[in-house]
Each structure stands twice: as C-alpha cells, then as structure tokens.
Amino acid sequence: MPSDHNQPQESLPTSKVARAARFAKTGLKVGANYVQHYAKRAVGADSAMADLHQANAEELYGTLSEMKGSVLKVAQMLAMEKNLLPPAYAEQFRQAQYQTPPLSGPLVVKAFRDAFGRSPQEVFDEFDMSARQAASIGQVHAARKLGKALAVKVQYPGVGASIRSDIAMVKPVALRIMGLKEETLRPYLAEVEARLLEETDYKLELSRAQAIAAKCGHLPHLQFPSYYPALSAARILTMDWLPGQHLQEFQATSPSQQVRNQLGQALWDFYMYQLRELRQLHADPHPGNFLFSDTEGGTVGVLDFGCVKDVPALEQQQFLALLAPDTLGDPARLEALLTEAHVLRPTDPPALRAMYLRTLRQSLELVGRPFRQATFDFGDPAYLKSLYALGDDLMQDEQLKQQREPRGSAHFVYLNRTYVGLFSLLTELGAVVQTGA
Amino acid sequence: MEASALKAAYLDYVRRHGHAPKTVFAFADAQGISESEFYRAYASFGALDRELWADFGRDALTQASQEPAWQGYGAREKLLAFYYTLLEILKNNRSYALLALGRSQRFRPAVIPRVLSKFEDEFKRFVAELLREGHGTGEVARRPMLEDNYGRLFLRQLQFILLFFVRDESANFERTDAAVEKAVTLSFDLVGRNTLDSAFDFGRFLLHKHE
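Keeping their order, the protein sequence lines are chains A and B.
Per full-length UniProt numbering, the very first residue in the first sequence carries number 1; after that it's consecutive.
Per full-length UniProt numbering, the very first residue in the second sequence carries number 1; after that it's consecutive.
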C-alpha cells in the first residue's frame, strides 16, 4: 500500500467499530509479518529485524492514513520523538502529510448555516465552493468581501469529538507494536491530546493568532494575516488571503541566495523571539503553514496558529541552557542540566548514565551547532548529512535500542518537534542565517 | 380550522405532553372544533403523524433547493444538501422525532416506524429524480435489473441516518453530520461505475468466448 500514501482518501471507516476493525486488521497483518520473519529465520533465510520493522511500519501506516487525522497525527508526533520508535516507523510517519477527505459543498453550507444562519454566498460577496487546499483538520476556501481577498478555513465536523476516542484506540496498538510501557507513554499522549483538542477550537486559534501577530509585528520581513472575528466561529476561521507560495513552489522559481537568506533569517528570528521572549511557540513549522514571496527582498507569511505551545519557564530555561554555546565544553554542567531535566536519573547505573551522556553530547554537538556560530549555513549538505547520520547511528546503537522509553519532560515533545521542523525548513531553503546571539 | 393549524396544534401538544392526546374528541374540543371537523382533515392521529413527517421532507427539499449553491450541485451533493437541511429541521423538532421514532424503536428495533411511510414515498420520488439526473452526469452507472433496487438502497440510507440522529449524543449532533457525509459518499461509490462493473464486464467477456 505505500504507493497510495499521497492519494486523497476516498473512503474513511465510519464508526468507532469500523475504525477499531481497521486496527484489528493491522494487528493481524503485523502478526503475520512476525510469523513470516520467524519462519524465514527458521529455514535459515536472512530476514533482518530492520526488514520486519519496515514491513510493520508500512502496514501500520497504511491503516493510519485511512483513518481520520488525529490518529495519524498522534503517530506523527510520536515519530518526532525518535527514540520512541524504531527507525522504520519514524521514517514512514515522517512522510505522512496530514490529510482529511474534502468536505462536500453541502456540508460547507451547513457549517455556515450553523454558525451564522446564512449560506457562505450570503455571508461573503463571493465564495468559491471548491476548496483551495487542505488545512490541518478542514479545508481552505477563497472568498471575497468588500473587495478584500479572504481565506476561509472550514473544519470537518465531529473532529473534536473523535480525538479522544481515536487516541484511546491508538494507545494499545502503539504500546503493542512499539513495545512500550503504558506509564511511559501516558504523559506524552496526554500532551498530544491537549494540543490536538486545542487545534479544533478556531476561536482560540483566532485570539492566539491575533496576540502573536501583535507581539511579533515588529519583526522584519514577516507577514501575518488579519483575522475577522465577525466572520469566524468555532468551526470557521476567516483571515486575509496572504500572497506568496508554499515552499516547494517557491523554490521552483529559483529565488536568489539573498532572498533565501532573508527568508531564513525572518524564520529564525521569529522562532527565537517566540522561545526567548514570548515563551509561546507556533509549534507546527510544517511547510504548509508558511507562504514565501520575494516582496521586499523576501517575506514570510505565517499561517495556522492551531498548534501553539506555551512553554513553562522552567522548561524554557533548561532548553536554552542546553543550547547555550559553553554548555557543551563543560561536561559537569551538561550532566547537571540533564539530571535537572529528568533525562538522566539518579537511579541509572553508571554504564547507562555514561551511554546517555555520550549520545546526548553527540546530538547536542550537532543540533546546537547553529547556536554556537555567528552565522550558519543551513544549505551545507554536510550538516544535513551528519544530522541524518547521527539519527541512524543512534538507532543502530545496541545499548540505546534497549532503552526505548522516552525521557525528559513531555513539553520537550513540542520543543523538539518545533526545532526539527524549523531546521528542515531552513535546510530546504538553503539559507545562511545569523544565528549567534 | 385549517389542516395546517391542526397540525401545528398537534405537534405542540405532543412536544409538551410527551404523548399523543388521549382521544380525538379531547384534542378537537381543546381546539374548539367538533370531532367530525378533525376527521375531515385527518382520519387519525397516525395519519397526522405521517403528514407531519412528509412535511419535514417537503420543507427540507424546498429549503435546500433555495440555497444559492443548489444549481451547481450534482446528484450526490443534492442528496447531501437534502439530508443536512432535513437534520436542521429535525433538530428544531427533535423532541417530537424522538417520540415518533423512539416509540416504535423500543418494540421493534429493526422495523422502521409507519409514521415515515408517506415521507418515504416522497423521498423515493426525489431519489428517482436524482438517479435520473445522475445518469446524465455519469454519477450513476447503468446496471439493468440491479438498478431497480437503488431506491431501496437510498431508503435504507435515510432510515440509517434518522436512527443515527435519534441515538446521536455528540454536541450539536456533529457525528450525524459525519455519518451523512460518509453514508452518501459510500452510496454514490456503490451506484457509480466501480470495480463491480469491470468485474461483471470481464465475466461476461469470458463467458462469450466459449460460445
């Protein structure tokens, strides 16, 4: 089924029972993969464990992508925490783009009637019934009112109601297939569920978007849409239609290095400002949430404030301290910081502790590299390659493989996800960014 | 007294009391009319119930077709629009709908209440019209013999949706909306040209080869 991944979904299993049935089917197939694996080994054929993970991951992914988004999203987020998942799973989920089937015209009309008592054509001067693009849990329509071009996000009905049951369903499967313990996964799933539920609340998104836009308005080369509360509701969000293209299309126009640098800088400054000053992160740096244009030498439009992470002061301090340039050269300080962040535990045997320290030092050396230099070239293929290589090395590490439990605060799920996303945006842009404080 | 006023008074009574009036006499008397005047409009409360449901269906179709987007809709979207409008109307009359559908559900869960019979007749005509239109737009495949059963398929769908609505406990009945969306998509996937037709075609080809 892997070849179907990019196809729009044509059918969704409807009821909880039907969805549960899909899961049961996956369980069976995964079971079959194991049987094949052991059968092959019994007859002496070489069936690597990696092959098995690969087969299982594809099976699981095929199932998840048929289900409504939240399950897939949970899986994707877990995949961000790389040490939770064998590499094959992580690889499969990373490819995943969040998809929901398009809403039918009548359902869009109904959403408007529910919210405003009028049809979209009456609310706006013009309203295009065919969606322009999929949003995280709905779709975006183009509209026009009083001469203004608007983007109208309409949410799929019942998303909020099904998130809880979806997570409850994904949990046992995740536990079984990934071989994790229930109590290990619980805080992470709770964190993910909280964010997902927030994401269904467009009223909240509107107020956050306005707040963040107001606070970041002074940063150069960023553009935030205006939001229109009178034209928005719990499931409808109306904002300006921003000019610009998505990253891939924009890259296809081969923008100059200068433009790309300015865009990268704008993104970098935006995230640093959020982390350092606001302690609030636009925690979904998915390429679909940004629009790029070469206006004024490069302008980034920021969309979608559905996933905003408030970072507690303590976690912010820990995170910044870990990335600080001098931490790496001071093993005692690093160890103290990691203990404080509950990544290292006092109960860990010395060998395990040493292993964690070694691997974390390694990752920090790489991930923190941009923070230790005045300017950093994200376009440098060597850097990207060593990032990937590091991931692979960590996955190959026999000792580490046995330690598949997640460590550290659940808040780090979103911090990590944010920085992984930001770095991959910057590397794709190939931007040279002034990163030093 | 007008038949429509009688209907409204009856609906009001059932919603307030949670049951039909005990006798036609008592009801007619409360409306200030004679019992025989009631019978001139309706033979029984049952007939009145059927008329009320037929009204829901008619209103839904009228309202849905007044929607600006209606003209641009294909058969699938017209059916969706009909269902959504119907559900809006039923939401305003949910207490009555629960009584009318729930009552018979308790005794014969698999059997669809008789109160729907008139509504269903009109719904079948609407669906027949949609299917004809669907032939034109290619949304509905031509399948001699099999085709005659489509009406019943959509009738089942209507019943499924009504019962889903009756049992739905999600806020603003959003789960019913999702159910409608999926049920209609499925039904049009079934009546549209699909694997079945290709398989049938292939089978026929193989048979012909041996003649």
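In short, the hints are calculated from the structure, not lab data.
The model shown is predicted, which means the values in this text are computed figures rather than measured ones.
Here a beta-carbon is modelled for each residue, glycine too, at the ideal position from N, C-alpha and C.
Take the hints with a grain of salt, since some may be wrong.
Taking beta-carbon pairs under 10 Å as the criterion, some of the chain A residues facing chain B (in silico) [as the list claims (entries may be wrong)]:
#	residue
1	L103
2	L107
3	V109
4	A111
5	S119
6	P120
7	F127
8	A131
9	P229
10	S232
11	R235
Straight-line Cα separation of at most 20 Å, DMTMM-like style, residue types lysine to aspartate or glutamate; simulated pairs [what the hints assert, rightly or not]:
#	chain 1	residue 1	chain 2	residue 2
12	A	K203	B	E174
13	B	K91	B	E120
14	B	K91	A	D114
Evaluation of the provided hints:
The restraint placing A:L103 at the interface with chain B holds, with a minimum CB-CB distance near 7 Å, inside the 10 Å limit. Against a cut-off of 10 Å between C-beta atoms, the interface hint on A:L107 holds, since the closest Cβ of chain B lies about 6 Å away. At its closest, the beta carbon of A:V109 sits 6 Å from a beta carbon of chain B; the interface hint therefore holds under the 10 Å criterion. A least Cβ separation of about 9 Å between A:A111 and chain B falls short of the 10 Å threshold, and the interface hint therefore holds.
The restraint placing A:S119 at the interface with chain B holds, with a minimum CB-CB distance near 6 Å, inside the 10 Å limit. About 8 Å separates the beta-carbon of A:P120 from the nearest beta-carbon of chain B, less than 10 Å, and the hint is met. With a cut of 10 Å, the hint placing A:F127 at the interface with chain B holds, because the nearest CB-to-CB distance is about 9 Å. Against a cut-off of 10 Å between C-beta atoms, the interface hint on A:A131 is violated, since the closest Cβ of chain B lies about 14 Å away.
For A:P229, the interface hint is violated, since its Cβ never comes within 10 Å of a Cβ in chain B; the closest pair sits about 20 Å apart. Annotation: A:S232 was flagged as interfacial toward chain B, and the flag is violated, the nearest CB pair being 17 Å apart, outside 10 Å. With 10 Å as the threshold, the beta carbon of A:R235 comes within range of chain B, its nearest partner Cβ sitting at about 9 Å, so the hint holds. Our distance criterion of 20 Å between C-alpha atoms is met by A:K203 and B:E174, whose separation comes to about 18 Å.
Between B:K91 and B:E120 the CA atoms are separated by roughly 19 Å; this keeps the pair inside 20 Å, and the hint holds. Taking the CA atoms of B:K91 and A:D114, the gap is about 11 Å. The hint holds against a cut of 20 Å.
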